[in-house]
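A.B. asks: Start counting the sequence shown at 1; every next residue gets the next number (the working numbering).
Check before you lean on any hint, since a few could be wrong.
Unchecked claim - What follows is a list of derived Cβ distance ranges for each label pair: (1) 3 x 78: 18 to 24 Å; (2) 10 x 71: 16 to 22 Å; (3) 21 x 78: 24 to 30 Å; (4) 24 x 4: 31 to 37 Å; (5) 4 x 55: 33 to 39 Å.
It is worth saying that the hints were derived from the structure and are not from the lab.
All values derive from a computational prediction rather than experimental measurement.
C-beta: ideal position from N, C-alpha, C; glycine also.
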Amino acid sequence: MTDALIVVSLLLVAASATAAVAVRDPARQALVLAVLGLTLAVLFTVLQAPDVALLQLAVGSALTPLLILLSVRKVRRRGHGRHDQHDKGAER
Numbered sequence: 001m002t003d004a005l006i007v008v009s010l011l012l013v014a015a016s017a018t019a020a021v022a023v024r025d026p027a028r029q030a031l032v033l034a035v036l037g038l039t040l041a042v043l044f045t046v047l048q049a050p051d052v053a054l055l056q057l058a059v060g061s062a063l064t065p066l067l068i069l070l071s072v073r074k075v076r077r078r079g080h081g082r083h084d085q086h087d088k089g090a091e092r
């Protein structure tokens, strides 16, 4: 039974890791990365490493995707501000 759980967990990790690489939009990548962190936490739980699973759940599923989303948001805001300033300069 545990071997089947390990195989299923590994397949879920492989699928979510592949999805994280295949997605092109950074905001969606962050969300897929959160799913990957969750599946890794499940794998670590199945492998009887609950301390590692809790750390992965906190850092890999919550903190890292949140920081990526905030960074993407800030970069997109700066990009829009530069286009607005460039357009104003062209009007003069």
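A.B. asks: Given the hint of 16 to 22 Å, check if residue 10 and residue 71 actually sit that far apart at their C-beta atoms.
C.D. replies: 30 Å Cβ-Cβ, so the 16 to 22 Å window is violated.
A.B. asks: Range first: 31 to 37 Å. Now tell me if the beta carbons of residue 24 and residue 4 are that far apart.
C.D. replies: Holds, since residue 24 and residue 4 (Cβ atoms, about 34 Å apart) stay within the stated range.
A.B. asks: Please check whether residue 3 and residue 78 have a Cβ separation lying inside 18 to 24 Å.
C.D. replies: Because 50 Å falls outside the window, the suggested range is violated.
A.B. asks: Okay, residue 21 versus residue 78 on CB: inside 24 to 30 Å?
C.D. replies: Holds, at about 26 Å.
A.B. asks: Is the gap between the beta carbons of residue 4 and residue 55 within 33 to 39 Å?
C.D. replies: 25 Å Cβ-Cβ, so the 33 to 39 Å window is violated.
Figure legend: structure checked against the earlier numbered hints; hints not met, in rising order: 1, 2, 5.
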